[in-house]
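Visitor: Here is how the chains run, residue by residue.
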Amino acid sequence: MSTPPPHPPAAADRRALVRTPAQAFRHGMVQALPFLLVLVPFALLFGVVASAAGLEVSQTMGFSVLVLAGASQFTAVQLMTDQAPTLLVLASALAVNLRMAMYSASLTPYLGHAPAWQRALFAYLLVDQTYGMSIQHYERHPRLTIAQRAAYFLGASVVCCPTWALVTWVGATTGNAIPAHWPLDFAVPITFLAMIAPMLRTRAHVAAAVVAVLAALALAGLPSGSGLLIAAPLGMAAGALVETRVERTRARAAAHGPAGGA
Amino acid sequence: MSAQMQGWSDAQIWGIIAVLAVGTFLIRWSFLGVMGNRPLPLWAQRLLRYTAVAVLPALVAPLVAWPAATGGRPEPARIAAAAVTVLVGLATRNTLAAILGGGLTLVAAMTLI
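Protein chains in written order, with the working numbering: chain A, 1 to 262; chain F, 1 to 113.
Calculated from the structure, these hints are not laboratory results. Accuracy of the hints is not assured; some may be wrong.
Per label pair, the in silico range of CB-to-CB distance [what the hints assert, rightly or not]:
#1 A:210 with F:44: 15 to 25 Å
#2 F:45 with A:83: 30 to 40 Å
#3 F:26 with A:136: 19 to 29 Å
#4 A:210 with F:92: 16 to 26 Å
#5 A:256 with F:74: 40 to 50 Å
#6 A:165 with F:44: 53 to 63 Å
To be clear about the criterion: a stretch of chain F counts as covered by chain A if any three or more of its residues have a C-beta under 8 Å from a C-beta of chain A, and this derived list gives those stretches [claimed, not checked]:
#7 14-21
#8 41-53
#9 57-71
#10 99-111
Every residue gets a Cβ at the ideal spot worked out from N, C-alpha and C, and that includes glycine.
Just chain A, with the same shape it has in the complex:
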């Protein structure tokens, strides 16, 4: 989600390195504020959609506090509304979160030496926004101490995560005010498409999405959306395959040198 950071100006690097943990915490908080522009409407929408689907406020909050992963919460509620079997609900919602294994892996070199209880806390708070901000910050300032890194991460989390829960609650308790004829059924498709489109940065990402869509449409006749379980892995494989191809072509071009037109 993040473009490679430009080389940091020496002054910014020096400032980052002398911050106390408390200052690093505040720095993380301030830098997280713009992300609320996306997070707040998204959380509001989850609250509204979940209560329109018939979830009680406590259950809606259970999703936002305990699962704390927007896209998978929407996935679960959508499939439950469609009366999909429990296993399919669980498998799909967890599959949406598999990308977070990658986040976890890529943060390990920076936070892996923190105490176990802290790493468990980081894991609970690891969402798209906190990951994106932190990895960018750590790569830009490689000589930060563990305490500075942890404080920055927690500062970002303290802005993003409680807000997610709080705004979900607002959506869940005021959702009844929305007129019944509003096409709320389409909130989830629009939200997901809006999340995906900016991610389509490379040919491999596009290939993954296109293959997944075509397969899902072709398999739509299968019972209760189980076509998803076939379409999604096909899309992932297509993405990985195209990435391998592109890399191989690039390696060959590099081996031939810039002048060796192939």
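For chain A, the structure is supplied; the task is to place chain F on it using the hints.
Guide: For chain F alone, kept in the frame of chain A given last:
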């Protein structure tokens, strides 16, 4: 509100929440928690990179093509809204702008048609 989600008992709903909570935590904790500094194998990184971008469109495609709200008949307003969402998202790289674009298109198309 005493509304109950159709087809699901309270226990089933809480069961789903609990499994998702634990499962999601374990996914996030995986490498930070156990793997230490060992890097993920390249092939696994490759596949994981494309999970979101494959799962979400696969989930959405049938909802766009055959919306339950229209009894499964394809509907121009919803298809137009989906198309605008994707185009705005591609052009601006901004999720919020894409949501607004798609939402406004849907409302406009439904009032016009």
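Visitor: Hint compliance check: list the failing hint numbers for this structure, sorted ascending.
Guide: When the structure is compared with the hints, only number 6 turns out to be violated.
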